[in-house]
Structures are given as C-alpha cells and as structure tokens.
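**Student:** What follows is each chain in one-letter form.
There are 2 protein chains.
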Amino acid sequence: MNVDGVACRSIWVNADGCSIDIIDQTRLPHAFVVRNLCTLQQACNAIRDMQVRGAPLIGATAAYGFYLAMRDDPSGAGMEQAYQLLFDTRPTAVNLRWALDRLKAALLPLKTTARAARAFEEANRIAAFDIDINHAIGCHGLDLIRQLAATKTPGESVNILTHCNAGWLATVDWGTATAPIYMAHDAGIAVHVWVDETRPRNQGASLTAWELGQHGVPHSLIVDNLGGHLMQHGMVDLCLVGSDRTTRSGDVCNKVGTYLKALAARDNNVPFYVCLPSTTIDWNIDDGIEEIPIEQRDGEEVSRISGKTADGKVVDVQISPDGTAVANYAFDVTPAQLVSGLITEAAVIDASSEAIAAAFPERQRQ
Amino acid sequence: MNVDGVACRSIWVNADGCSIDIIDQTRLPHAFVVRNLCTLQQACNAIRDMQVRGAPLIGATAAYGFYLAMRDDPSGAGMEQAYQLLFDTRPTAVNLRWALDRLKAALLPLKTTARAARAFEEANRIAAFDIDINHAIGCHGLDLIRQLAATKTPGESVNILTHCNAGWLATVDWGTATAPIYMAHDAGIAVHVWVDETRPRNQGASLTAWELGQHGVPHSLIVDNLGGHLMQHGMVDLCLVGSDRTTRSGDVCNKVGTYLKALAARDNNVPFYVCLPSTTIDWNIDDGIEEIPIEQRDGEEVSRISGKTADGKVVDVQISPDGTAVANYAFDVTPAQLVSGLITEAAVIDASSEAIAAAFPERQRQ
Chain B
239 MNVDGVACRS IWVNADGCSI DIIDQTRLPH AFVVRNLCTL QQACNAIRDM
289 QVRGAPLIGA TAAYGFYLAM RDDPSGAGME QAYQLLFDTR PTAVNLRWAL
339 DRLKAALLPL KTTARAARAF EEANRIAAFD IDINHAIGCH GLDLIRQLAA
389 TKTPGESVNI LTHCNAGWLA TVDWGTATAP IYMAHDAGIA VHVWVDETRP
439 RNQGASLTAW ELGQHGVPHS LIVDNLGGHL MQHGMVDLCL VGSDRTTRSG
489 DVCNKVGTYL KALAARDNNV PFYVCLPSTT IDWNIDDGIE EIPIEQRDGE
539 EVSRISGKTA DGKVVDVQIS PDGTAVANYA FDVTPAQLVS GLITEAAVID
589 ASSEAIAAAF PERQRQ
Chain L
239 MNVDGVACRS IWVNADGCSI DIIDQTRLPH AFVVRNLCTL QQACNAIRDM
289 QVRGAPLIGA TAAYGFYLAM RDDPSGAGME QAYQLLFDTR PTAVNLRWAL
339 DRLKAALLPL KTTARAARAF EEANRIAAFD IDINHAIGCH GLDLIRQLAA
389 TKTPGESVNI LTHCNAGWLA TVDWGTATAP IYMAHDAGIA VHVWVDETRP
439 RNQGASLTAW ELGQHGVPHS LIVDNLGGHL MQHGMVDLCL VGSDRTTRSG
489 DVCNKVGTYL KALAARDNNV PFYVCLPSTT IDWNIDDGIE EIPIEQRDGE
539 EVSRISGKTA DGKVVDVQIS PDGTAVANYA FDVTPAQLVS GLITEAAVID
589 ASSEAIAAAF PERQRQ
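So the protein lines, in turn, are chains B and L.
FYI, in our numbering the residues of the first sequence are 239 to 604.
FYI, in our numbering the residues of the second sequence are 239 to 604.
Check each hint, because a few of them may be wrong.
Note: identical chains are not told apart, hence a pair may lie in one copy or across any two.
Here are the simulated DMTMM-like cross-link-like pairs (lysine to aspartate or glutamate), alpha carbons at most 25 angstroms apart as the crow flies [said to hold, decoys possible]:
#, residue 1, residue 2
1, Lys390, Asp311
2, Lys551, Asp242
3, Lys390, Asp259
4, Lys390, Glu528
5, Lys546, Asp536
6, Lys349, Asp310
7, Lys349, Glu538
8, Lys551, Asp536
9, Lys551, Asp524
10, Lys349, Asp588
11, Lys551, Glu360
12, Lys551, Asp326
13, Lys551, Glu538
14, Lys349, Asp549
15, Lys390, Asp505
16, Lys551, Glu539
17, Lys546, Asp560
18, Lys551, Asp287
19, Lys342, Glu318
20, Lys342, Asp370
21, Lys551, Glu533
Hints in this document: simulated from the structure, not taken from any laboratory.
Whenever a hint applies, use it, and build me the whole structure from the sequences.
**Tutor:** Right under this line is the structure:
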C-alpha cells in the first residue's frame, strides 16, 4: 500500500539485494523510520522490540532472519542457534514457529554452501505467500463491500468499522481486515472507515489510522466506546476485524474489545465479518471461551500512554493515580454465533465447524 | 468519603463560614488542590473550566455561586446577572438550571438585605438534599450487594464493574453508582471494583480510581474493551453505572460505552443496574435512541491525552497521526430492556414506564 504516494510493503529486500529493510513500527505514527537488517541479531531485536509485529510479518521477518544467519554460519550448529534465538523472541507467535520449521526442513538436507541461497528463496516465498493470501481475502471481502455499495445513493459511502490493526503493517502487504477496504477504495468504491483506537496499545489510533491516511482511504478515529452508538444509529454498514486464533468451530480470538463490537453488531443487524488466513485456525480447539488461554500483559500498558508533545518529542505519560492496580487481558473471544462469516483466502464461509471443515478438508486433524 | 484518611466532600463552606471550597478536579489524579471561591466570577470559572463537573455538583456550585453574588449585589439587577452568568457556564446542565430557578424563586420576594443569608441557606439545602438522595440510592443498592455477597465463600469479593465517574466527585458526597459500593465497603462486605478507564476523557482512570483508592476500596483499572471478557469468565457479579438522562420509559443516556457493557451483561446474565436520582428522569422523552440528541465534542479529546511525565509534569500528548479526523460523541443510550433495574432514591424499580410512573407519581407530566 502507499506511503507518501509510493507503494510500500512492511518488509522487503534492500536495493543491495542481500540485506532486509523493515519499517520500525514502534516509531509510528509520529515518524516513518526504515531499519536495515544485516544480521541474525538485528532480526531478533526487530521482532523482540516489536519494530515488526503481527503474526504474518513476524513469520516473514523470522524467515529473513534465518537467511541472514545462514550467510554468516550455515553449519548445523548455526542453524540450531538461528532457530533457537529467533524462536525465543516471541515464543507464542504461531507463524514464527511455522516459518522456522519450514526453513529448517528445507535447508537441513542441503550442503552448507547452498543454504544461504535457499533460505533467501524460502523467505521470499513465505513473504509472497502471505501477500497472495491477503490478496485473496481482499477479493472475497470486496464482493461484500460491492454489494453494500450497490444499496447506497451516489455520494454515500459504505461505512466500515474495524478494531485494532489487521492492516498491511501486520502482514507483508494488504493486511487481512484492511485488504477488502484497500481493494474497494482502489476500485473507486466510496468507503469510510471507523477506526477503533484499540486501547490499551492504541494500534488503531497509531497504525490503522496511519495506514489508511497514507493510502488516502477516508476514515475517522473513534474511541472503543463509540461503536455501539454508531451502530444504533445506522452509521455502520459492516464490521471487518482480524483474528489471532480461530477455533475449528468458528470462535474468534482477537484483540480485546472485539467481542463487544460483535454484540453491538448483532443487536443492530450489522454484518460482522472476520478476515483471516486459514493458518490462524486451530484445529485442536472447539470452545474458544473455555479453551483459549488469554495472555495477561503488563499493567503499564494501561496506566501509561505514549504520545507526541507539543514540541514534537514522543514521551510516556501516566494517566492513573500512582500505584493503581491494573488488569490487562490482551484478547477476548467472540463466539461463532455472533460472527456473520469468515473471509478466508478460500472463500467467505459460515463460522461453523461444518463450513470450516468443508472449506479446508486437507487441514483437519486425523 | 475519605481523602488521605479524612472525610471530605466535593464542595463545602470554608472555615471562615462564608466562602466556599471546592476540589479542583482538573488537577486529579496527579494533585489534590483545593480552591477557595469568594466571588460570582470565581464560581463561574470553576464550573466553566470543569474544576467541578457532574450534574449534581454543578447544581450545588451554581447555588453557592448565586449566594456569593448576593453578598456583593443583592439587587434585582444583581440577581439577573448572577442567574445569566452562571447559566451560561454549562447551558445544557439540567441541575444547573434547576438550582438557579430554585434560588431565584426563593429570593425574589425578599428584601435585598435578606437575600444573601437566604441564598446561603438554600445552597446548603441543595447540597444536603443531594447528599440525602445519594445516601438513599446507596442504601437501596447496598441490599443488592449484600444479596450477592451472601452467595460468596469467605474471602471472595463481590466484583462490581462501573463505567465513567458516577462517584462522590460528581455529586456533593457518596456519588450515585458508587454510593452502594462505599456503603458495602464501610459495612465490611468484601467488594472489588473493575474501573473502566472511560475514554476519551478518562474519568474512570483519573477520578473513579482516585476516589476508590483514597477511600481504600479495592479496585482494578481496566480498558473499556475488557468488560466483555471479564463477564464471559464470571469475573463480574454486578454492573453499576450512573445516568445523565433517563427517559420516562427507562432508557438510559450515560457516558459513551455504557451500552456496550449492558449488551455484554445481558449476554452473560450479569445484573446491570443504573443508579440515578429521579431528577435525571426526563418525563418528556419516551424513546431515548430516537429522541435524545447526543453531544459531539472536540476531536482533540480523542487524539490528545493528558498525563504525568516521568519528571512529574502533567502534559498533553497526541496519540494519532497529524491531521487524523475524529468523531467524538460523548454519550450513548442503553435501551430499557438491557437494564435490570433502576436504583433511585425511592426504591429499586424496573426500567419500565409503569414502574417509573408508579414510583414517582407526583413528577409525571399533566
């Protein structure tokens, strides 16, 4: 998608042909800073320090990190070290492990001299694969937006609410929930996006608003509290969110607050769709509320907020009284019955065990 | 309620017996600053600059402001000017008008020399009346908490979720939604409060957390996104919120985001009660969603946040990209069917036209 009018991805091969460039997302939205990764350690730091975030982008960064390691030490010991150091950066990220396993399996049979080149190829394939998947999600979602646009009078926009950042910054390109939005906008369909700020880490206010603004998609930042009111008043035509983990029955674990928007959508007959690559489906889990453990994070994510002061410095400020106790669960689960449909790379399908199994027959357990 | 272990109200007569003290709520939670009001103009500024906020407290402050004016100029012209200047500070505040009308009606028949003393009496009565009402709400709500406490094993707390600040800082004492909580705590019942931070103005994080902390009530600050997850997991026994305006049918207009919590409460069978003085009932309105206009406020309330830096300074920081459009509706409406009951000064009643009319027969139109 565009940044300053120029097409950009979240990770790419530097013009030198062998090092890797990323956008330092910890600096957004106040500064656009590109960082060059030349070593395994730099790739590990980029993931650990959350300069890159979002499961698909973490996977791609790990793959390129593995490649950078192979340039320095393609021995068996070098592979083991690269795997372990990269894996330890964010041990709960599913795509990270998937990418590392794929690299390891591809390189292990090769002579050491062939490993760096093959790792580079594989990393490029992993990145391209992510782009293809998001593009397919975008095409399926575009059909939905097109149908809604057909019900509008000229000049009226399709109003889409999204939560958190399931945008191109979380993937290699397009994003998941944003892919249909970018495609609709690029196709000349009038869309307007309500961007939930997404407390506590404000990924909506800092990342989604930045993405949409850079690409020229009309949008309004709102507090997480507002979506219900907007839906009550017919100001939302469609909710599009991402998924961190989807059960085989269609329950969706996503950034905390997603469930509240799904409740409001049902109460006001607003379609609520979840955009996800099938890789987020956890075939071992049926009941998301009972079975998915929800990560508790540092309370300072809630009690402190980062922002730009009048003189342009970015600082942390404390918003609550000294010593206030905080509870900070990072995700919640939206039960399948609140989900209008899942927009996957294969098709738009019902959020049900039957539809999911039918869409991805090769992926099921047993 | 207690501040630093000493009982405190939000407004009181100074030890000099004739000037008025308030807590400057714009400085909370980072500093506890008492301001002394000696003139009409100081009272107007305190209301306009939101050093005092919350409908009942604004009403009491206006009444004391009228008294301060009468000390300087008790003439008819002086009364007119005091009325107008105070009314213009926050023209949409219902209690403000009610207090001013009451003062005006009481003073008009009197000789000018008698007006200041009578205004002082009336203002004290208005403040005492607010305390009585909140105390009555607290007693009725306490019964509910007591019933919930009876279902707990020893050592378990009753978990109560609240939104925004319907606390003693918004009234003269006790608060509305907090009155049952303070009474339960003072009665030795183990309670724990989930405090919604309440974006965009963070009244939960800055005021409710401060109040509860000062009085020693166990509580945890949470983002507005979290309540649904907590209710899904049985971690909320009761929701208690306030009301800015209640329709005669029981729809509740309160700080934006209240509706989302009510939806989650219904979905998880959590009792959702609204604490309100009957003065917030608008007898002219039936359908809250259709008929209550929702105030849109400055977008900077969303894009900028105030907090304390590491070196103790309180500053504003910008959290979104430069120039991001913002939509900022301040309230939403929770339909009566999502409300388990209204806790009023008269009794706990159903959120229905019939129950409301029966509880306050003298207040109805006609």
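**Student:** Quick one: lysine 349 to aspartate 588, C-alpha cut-off 25 angstroms, is that within a copy, between copies, both, or neither?
**Tutor:** For lysine 349 and aspartate 588, neither the intra-copy (46 angstroms) nor the inter-copy (77 angstroms) Cα distance is at most 25 angstroms.
**Student:** Is it within, between, both or neither when you check lysine 342 against glutamate 318 at 25 angstroms Cα-Cα?
**Tutor:** Within one copy only: 9 angstroms inside a chain, 84 angstroms across chains, cut-off 25 angstroms.
**Student:** Have a look at lysine 546 and aspartate 536 and pick one of within, between, both or neither, based on CA distance no larger than 25 angstroms.
**Tutor:** both (22 angstroms within a copy, 18 angstroms between copies)
**Student:** For lysine 551 and aspartate 242, with the copy left unspecified, which applies at a CA distance of at most 25 angstroms: within, between, both, or neither?
**Tutor:** within (22 angstroms within a copy, 35 angstroms between copies)
**Student:** At most 25 angstroms between C-alpha atoms: does lysine 342 with aspartate 370 qualify within a copy, between copies, both, or neither?
**Tutor:** Within. Shortest intra-copy distance 23 angstroms satisfies the 25 angstroms Cα cut-off; inter-copy 72 angstroms does not.
**Student:** Have a look at lysine 551 and aspartate 536 and pick one of within, between, both or neither, based on CA distance no larger than 25 angstroms.
**Tutor:** both (24 angstroms within a copy, 23 angstroms between copies)
**Student:** For lysine 390 vs aspartate 311, is the C-alpha pair at or below 25 angstroms within one copy, between two copies, both, or neither?
**Tutor:** neither (59 angstroms within a copy, 61 angstroms between copies)
**Student:** Have a look at lysine 390 and glutamate 528 and pick one of within, between, both or neither, based on CA distance no larger than 25 angstroms.
**Tutor:** Between copies only: 22 angstroms across chains, 41 angstroms inside a chain, cut-off 25 angstroms.
**Student:** I want to check one pair: lysine 551 and glutamate 539. Are their C-alpha atoms no more than 25 angstroms apart within a copy, between two copies, both, or neither?
**Tutor:** Intra 19 angstroms, inter 20 angstroms, cutoff 25 angstroms: intra and inter.
**Student:** Within a copy, between copies, both or neither: where do lysine 551 and glutamate 538 come within 25 angstroms Cα-Cα?
**Tutor:** Both. Shortest intra-copy (20 angstroms) and inter-copy (18 angstroms) distances satisfy the 25 angstroms Cα cut-off.
**Student:** Between lysine 551 and glutamate 360, at a C-alpha cutoff of 25 angstroms, which is it: within one copy, between copies, both, or neither?
**Tutor:** neither (40 angstroms within a copy, 51 angstroms between copies)
**Student:** Taking 25 angstroms as the upper bound on the Cα-Cα distance, should lysine 551 and aspartate 287 be classified as within, between, both, or neither?
**Tutor:** within (20 angstroms within a copy, 27 angstroms between copies)
Violated hints for the displayed structure, listed by number in ascending order: 1, 3, 7, 9, 10, 11, 12, 14 and 21.
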